[in-house]
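Undergrad: Listed below are the residues making up each chain.
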Amino acid sequence: MAKPLHIDARAVARTVEEARSFRPSVHCITNTVAQNFTANVLLAIGMRPSMTVALDEISGFVKSADALLINLGTMDEDRRTAIDDAIAIAQERNLPWVLDPTFVEKSEPRQNLAKQLVGRKPTALRFNPGEGQYILGAHSSEPHALTVLSRSTGSALVMTGAEDVLAVDDDLARVRNGSPLMDRVTAMGCALSAVVAGFLAAENDRQLAIVSALVLYGLAGSEAETRASGPGSFVPAFLDALYALSADDIIAGARIA
Amino acid sequence: MAKPLHIDARAVARTVEEARSFRPSVHCITNTVAQNFTANVLLAIGMRPSMTVALDEISGFVKSADALLINLGTMDEDRRTAIDDAIAIAQERNLPWVLDPTFVEKSEPRQNLAKQLVGRKPTALRFNPGEGQYILGAHSSEPHALTVLSRSTGSALVMTGAEDVLAVDDDLARVRNGSPLMDRVTAMGCALSAVVAGFLAAENDRQLAIVSALVLYGLAGSEAETRASGPGSFVPAFLDALYALSADDIIAGARIA
Amino acid sequence: MAKPLHIDARAVARTVEEARSFRPSVHCITNTVAQNFTANVLLAIGMRPSMTVALDEISGFVKSADALLINLGTMDEDRRTAIDDAIAIAQERNLPWVLDPTFVEKSEPRQNLAKQLVGRKPTALRFNPGEGQYILGAHSSEPHALTVLSRSTGSALVMTGAEDVLAVDDDLARVRNGSPLMDRVTAMGCALSAVVAGFLAAENDRQLAIVSALVLYGLAGSEAETRASGPGSFVPAFLDALYALSADDIIAGARIA
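Protein chains in written order, with our numbering: chain A, 14 to 270; chain B, 14 to 270; chain C, 14 to 270.
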């Protein structure tokens, strides 16, 4: 049975501070639309991004990383092989890795690849409801279905939207921070997946790590919304908030259920 | 004979509202310099961008799109084949498609490709005067030459600069909105081509669709200029204005001749 | 013996004005993370960026450029061949070219490529201390070692960080402008390398050209820091400052030693 998780906002604030001071290196195999923004999001938090997708270089980069992101946007043959090698190295070294099946609903080859990669048991899988349907099956957007799927796949499932839902085995958590302007900026979800990977490197407890990533990201969004006049000014304000939000801000603002 | 078109600012304001509420999906085969900004421009207006260039995925993406952009910046072999397939699908499904021959003056292979693609009768062709010379011939920057060429190619021709000129068959329209700071930000023209594609999906009348795109884009530029201290702060202010400009702002500010 | 260079802040201010009015075209073979930001940095100064990496187009683009940047981030086979051709054309035409061995410490194939390209005598080589160790040897971060290496390679060596050090043959210069927020924004170093290339096109004296690039870039950073609330708002403020800093600002703010 799905059971609600009780994660304390103070534990979240501590985890954010640990992630900032640990400064994890996150290697990101991600699409060219998201690369620059993802790097800036990680840097704003204090993490260290790298982004190469070159086949003969991927091994050196993943070996010196603390976490790995695999995002399926703008795929090509090279990237598929790079992904394969990168996952093998991450697993050999026990690095956390996150799968982000961006836009999987739009392309059959991507669905096949996504399903195959889910079978390799990512530490976490982050997606929105539309994407979830295609890799996890018809009822994946129901929280109960997520816990069933988390148990069968072994992955933490992170479905993000107006409300974020996290399922790890039988545990369910919900985070209700965020801003509607996040839908008007490209690569917000892609960059969040990289942040989740970084938090998984800094904190072993998957639930605490992922909830902390969701709270920080969502709070930065709602904070940015109060300063922004639209999706343009939202972006710099969002990065500023990722950089500046204090433990007190997090404790006061976290909306975890 | 070229004849001036009379397009009412109220019709433009209505078309902008239609484009915002229709939320067209615009698939963009565009260069890696422009991808992120183009996606954010489309999202700010309320359109839905997708950007993959992978050969075996392009068909799925174009099939679920309402319009297609083909931009020739940062070409490679894969992109050329992807372009070929994408245009075939767009034409089969009667989707509007826009050709943007970025930097065609700098590369002979690109000139050849551009000429070949012009022969496939894009719904619209957007370029600046320097680019126009290379695909359309020496005198293409004269408005009269544009109408002759529009008649012979069947494409709407959109030459943008301090003044934008639109030729559709014998009709000519001019839009005089915009800001000099737009020349100091990369990919402003590339992203405009994607916006034109989105408007062509939302409104069947090509003249009205394209003039509406040019007015919204140019007005967002002049509005952003009043708020900006330079090309850096111009970008967020420009995206905010694309998002926020009201029907009244458009009616008051449109400079159509 | 290493000897300190005396470069006058007034000469720097004049050189910045020359670079702005000359408007050099800088062709950049750079990574996809850095492309958009690099283009906006060059445009903010008044330079003209181009970015194609396509093999059959590279020759046309480099032929119409005034300077060339080779950055090794996100490499692939095509880019390696494009680099080869681009350098050959630049050397044939006596264009200045800058090598930026981004992240060379993370990948052996990149180290090999970097060493081979250093052998082709770039006009300047820009790197941070971590990267320098891998292409120049263990003690490369000592200023004296830099002058030895500059003499043996024939390249100007530009090591950037909290303090920038420039070695040209026996001459050493230091620039102490800049901001710690520059470490929290991706591609700041990559874009600086493109700026150095542009200055080398505008000014023949390598020391003066490079010191001027470093001063302008660093001053824009410290100016932006005073206006920013974090790394997000730093970026637009930085581009605004590149665009707006006056000769008087440069003379008053340059910290050259």
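Possibly wrong hints are sitting among the right ones.
Put simply, identical chains are the same to the list, so a pair is met inside one copy or across any two.
As the list claims (entries may be wrong) - Simulated pairs of lysine to aspartate or glutamate, DMTMM-like, Cα-Cα distance not exceeding 20 Å:
#: 1; residue 1: 128; residue 2: 69
#: 2; residue 1: 128; residue 2: 79
#: 3; residue 1: 134; residue 2: 69
#: 4; residue 1: 76; residue 2: 121
#: 5; residue 1: 134; residue 2: 261
#: 6; residue 1: 76; residue 2: 262
#: 7; residue 1: 76; residue 2: 118
#: 8; residue 1: 76; residue 2: 91
#: 9; residue 1: 76; residue 2: 184
#: 10; residue 1: 134; residue 2: 21
#: 11; residue 1: 134; residue 2: 184
#: 12; residue 1: 128; residue 2: 176
#: 13; residue 1: 128; residue 2: 238
#: 14; residue 1: 134; residue 2: 105
#: 15; residue 1: 128; residue 2: 184
#: 16; residue 1: 128; residue 2: 98
#: 17; residue 1: 128; residue 2: 218
#: 18; residue 1: 76; residue 2: 155
#: 19; residue 1: 76; residue 2: 196
Derived from the structure by calculation, the hints contain no laboratory data.
Undergrad: Hint by hint, say whether it matches the structure.
TA: So, going through the hints one by one against the coordinates:
1. 128 x 69: Between copies only: 17 Å across, 25 Å inside.
2. 128 x 79: neither (25 Å within a copy, 28 Å between copies)
3. 134 x 69: neither (24 Å within a copy, 25 Å between copies)
4. 76 x 121: The answer is between: 12 Å across copies meets 20 Å, while 31 Å in one copy does not.
5. 134 x 261: Answer is neither: 36 Å inside a copy and 54 Å across each miss the 20 Å cutoff.
6. 76 x 262: neither (35 Å within a copy, 45 Å between copies)
7. 76 x 118: Result: close only across copies, 12 Å inter versus 32 Å intra.
8. 76 x 91: Result: close within a single copy only, 19 Å intra versus 25 Å inter.
9. 76 x 184: Neither, since 32 Å and 39 Å both go past 20 Å.
10. 134 x 21: neither (28 Å within a copy, 58 Å between copies)
11. 134 x 184: Result: close within a single copy only, 18 Å intra versus 56 Å inter.
12. 128 x 176: Result: close neither inside a copy nor across copies, 25 Å intra and 49 Å inter.
13. 128 x 238: Neither, since 36 Å and 46 Å both go past 20 Å.
14. 134 x 105: within (13 Å within a copy, 40 Å between copies)
15. 128 x 184: neither (23 Å within a copy, 52 Å between copies)
16. 128 x 98: Cα proximity of residue 128 and residue 98: one copy only (17 Å, versus 26 Å across).
17. 128 x 218: Neither, since 25 Å and 43 Å both go past 20 Å.
18. 76 x 155: neither (37 Å within a copy, 28 Å between copies)
19. 76 x 196: neither (34 Å within a copy, 23 Å between copies)
Of the numbered hints listed earlier, those contradicted by the structure are 2, 3, 5, 6, 9, 10, 12, 13, 15, 17, 18 and 19.
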